[in-house]
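Trainee: Each chain, written out:
2 protein chains.
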Amino acid sequence: MAQGALPGFRDFYPTEFAQRAYIARIWRDVARRYAFVEYDGPPLEPLELYTRKSGDEIVAQLYNFTDKGGREVALRPEMTPTLARMVAARANALRKPVRWFSLPQLFRYERQQKGRLREHFQLNVDIIGESGVTADAELLAVAIDIMREFGLSPDDVRARVSDRRLLRALLERLGVGDEQLPAVFGIIDKIERQPREVSVEKLSALGVSSESADSLFSLMDGLTLDALRARFGDTPAIAERIADLERYYTYLADLGVAEWVQLDLSIVRGLAYYTGIVFELFDARGEFRAICGGGRYDNLLKSLGGVDLPALGFGMGDVVLGELLRARGLSDVPIGEPDFWVAAAEDGDLRDVMLAATQLRRAGASVEYALRPQTLSKQRKAAFSAGATYFITVGADFAERGSVQVDEVQHVEGAGASLVDRLEEMPKTLASIIALVRDV
Amino acid sequence: MAQGALPGFRDFYPTEFAQRAYIARIWRDVARRYAFVEYDGPPLEPLELYTRKSGDEIVAQLYNFTDKGGREVALRPEMTPTLARMVAARANALRKPVRWFSLPQLFRYERQQKGRLREHFQLNVDIIGESGVTADAELLAVAIDIMREFGLSPDDVRARVSDRRLLRALLERLGVGDEQLPAVFGIIDKIERQPREVSVEKLSALGVSSESADSLFSLMDGLTLDALRARFGDTPAIAERIADLERYYTYLADLGVAEWVQLDLSIVRGLAYYTGIVFELFDARGEFRAICGGGRYDNLLKSLGGVDLPALGFGMGDVVLGELLRARGLSDVPIGEPDFWVAAAEDGDLRDVMLAATQLRRAGASVEYALRPQTLSKQRKAAFSAGATYFITVGADFAERGSVQVDEVQHVEGAGASLVDRLEEMPKTLASIIALVRDV
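Each protein sequence line maps, in turn, to chains A and B.
Here the first sequence is numbered in my numbering, starting from 4 and rising by one per residue.
Here the second sequence is numbered in my numbering, starting from 4 and rising by one per residue.
Certain hints may be false.
Which copy is meant is left open, because identical chains are indistinguishable; a pair holds if it fits in one copy or across any two.
What the hints assert, rightly or not - Derived pair list, reagent style SDA-like, types lysine to any residue, alpha-carbon separation capped at 25 Å:
| no. | residue 1 | residue 2 |
| --- | --- | --- |
| 1 | Lys99 | Ser435 |
| 2 | Lys205 | His123 |
| 3 | Lys71 | Val336 |
| 4 | Lys71 | Arg55 |
| 5 | Lys384 | Ala348 |
| 6 | Lys71 | Arg234 |
| 7 | Lys381 | Arg354 |
Bear in mind the hints are in silico, worked out from the structure with no lab data behind them.
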């Protein structure tokens, strides 16, 4: 029993669980506000669901095994293949655009990196069946509104946005050929994390001229759409993408999230399958890894053998987000402390305590009491240590007149306080307390 | 992509997810009312955590495998070993009694039985650190109050209760020896499901006399505690257990659940580790398997190599419960239909729609709109098919005076109706609608 959880797996004691549940609640609240509906799939899927897709970086990290029936299976490393499978199975029956979200626990197996987690929870939000940039704006607004709901501001979190079609058009204009594009995307993806010389060398090895490389670097230096248009607007393919992005920004403004967003052409997203606008959310101080990443993947569903529908989505994990919230002091949440502790007066017995507790519970309150007879002072200590808000003493008066004594265990801010105020004005019968509980 | 989920695993489309989420919500609401706090562990655990425990029926059904690092692991088949591990790791720091609950997804691998599920969700509620029957009563009250919260009554569900110590004392009185007890418990466990002759034969093979076997059968025929006392009350060990059970019943009455409960000595629970009061919840018509089972397992934590604390708990799965709720017409739940559908008037554009939608979402409402320009009649159809409650038309008056037109999409009962009534009295500006949303 000395043994703990497997390496890379978390135990969620009530305090940690409360933080996980808080994150899940905000995720759900905001997703529902945007009229997304929740779905889920199995945590275990056929291995084939993942190997079929390109993107070897994921396959190498799979938590896969052969089951007792000889089937090759994997603990799900991401949700999109499951989503593609489920949508394909009911493609005709589903209302379009599909607006779905899910909160799967995802798994990966990496041999080398000790200390890294092998599981996390990830919000997945996807829109399937809409090719216009309204959908791109709606999707990013969900991700940003979640940040806002956690109490974060544009000073804490930045959304960095790019468009792979724009980047491709710009690179073509700079003379990068089609066959060089995937490798150049890979270099751009790492451009912030490695010394410029390394990127230059890699570009040169690909046959990209040093002049083109310089131009490429200048694209990554926080250019505005206006500056891009001034330099490259005479190329129709580029002008078209710029116009698209401008509409996208307009919609982001209408959706109230524009101030969080900045153009950043170095955002290409590691995965091979994105086709259009892509984005990542980062903490503004650059202390953490990306909080969220997503974008448009119009060809993916079809390439997975599913339906041919345009699609876009993002994933947001609980780990980096949790670290950021803790760092900003935004993750203190109650673990479910009882509203009431019901105590027996020195001469009282447990039966009256149980009767009173039952009435309060029926009214919807959370109630605890000592499961064996104890002195009043021991019961007070227990109530304090449980974090209960109110302490109700049940004595002889309870059976006769329904009277109890109510004390505040400790100061509670917010909603609780109004109940205290009102309790002071009211007669102290259990019935009057119950009426207040139902009312609050 | 023709391929679906693995055999025995469920896809949760929004409708099915809503039912799963409804069950989870009631589980959480009631557990919290009883001041239990939620925890969770990893879905994957070291195999050893399960093989260490007796009870071969579980080990044979494990979903176990060797991971890429050569570790023997298993998808968790039950929560108790994880609970024992987590409590043992922080035994001194935890407030006693520990009142914890969890909603794990559990897994099993059975080769033969095709069509049976290999995963389910199971509410686990446990009290650790209290040996008195108050805790037994509190635990059963949680399980029964969950039934009540789902809209079920004592006519729908019965709690069948036994006490393994009482049964042991009675069997001893009937001449069953210590070494025969485990096998006799096993026969009693199956007594309802097999012909009497088979049970008699098995008892006889164990060396139990036919007279003792007859007495044993009479114990299973719905005896009351009073009848038991009249027949066996002169044996102190039996009288003591009867007195304990009477106190248990008194507490169940105080907790408001006595009318759901009946004594049934044939309930022994399949698992070897129960030590005291045990119970199962069944649908009253006998159509389904057990809804819930649990009891006291005072020696288990210690035998798992953990702490020596008395403990009790129950598990309630989502599958049988879901079948019962569907059969009783109690599982129709909304999937998250939007409160408002915001539409552009024929001459309106999406920008005003987005502005209006954003304001409503900020107020907490769930809002959808067509992501591309459509005729008003197409938007109406989309709102209907989305199940939206209200249809808001945004036209030229919106930009000028904030005025919109509000229509009810379809009749909604309950909370929605009061909003309709109030909307009819109010000026139709977005601001007034938002004020109402914040208020409701």
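Trainee: Against the structure, test the hints numbered earlier, and report the numbers of the ones violated in rising order.
Mentor: Result: hints 1, 2, 3 and 6 break, sorted rising.
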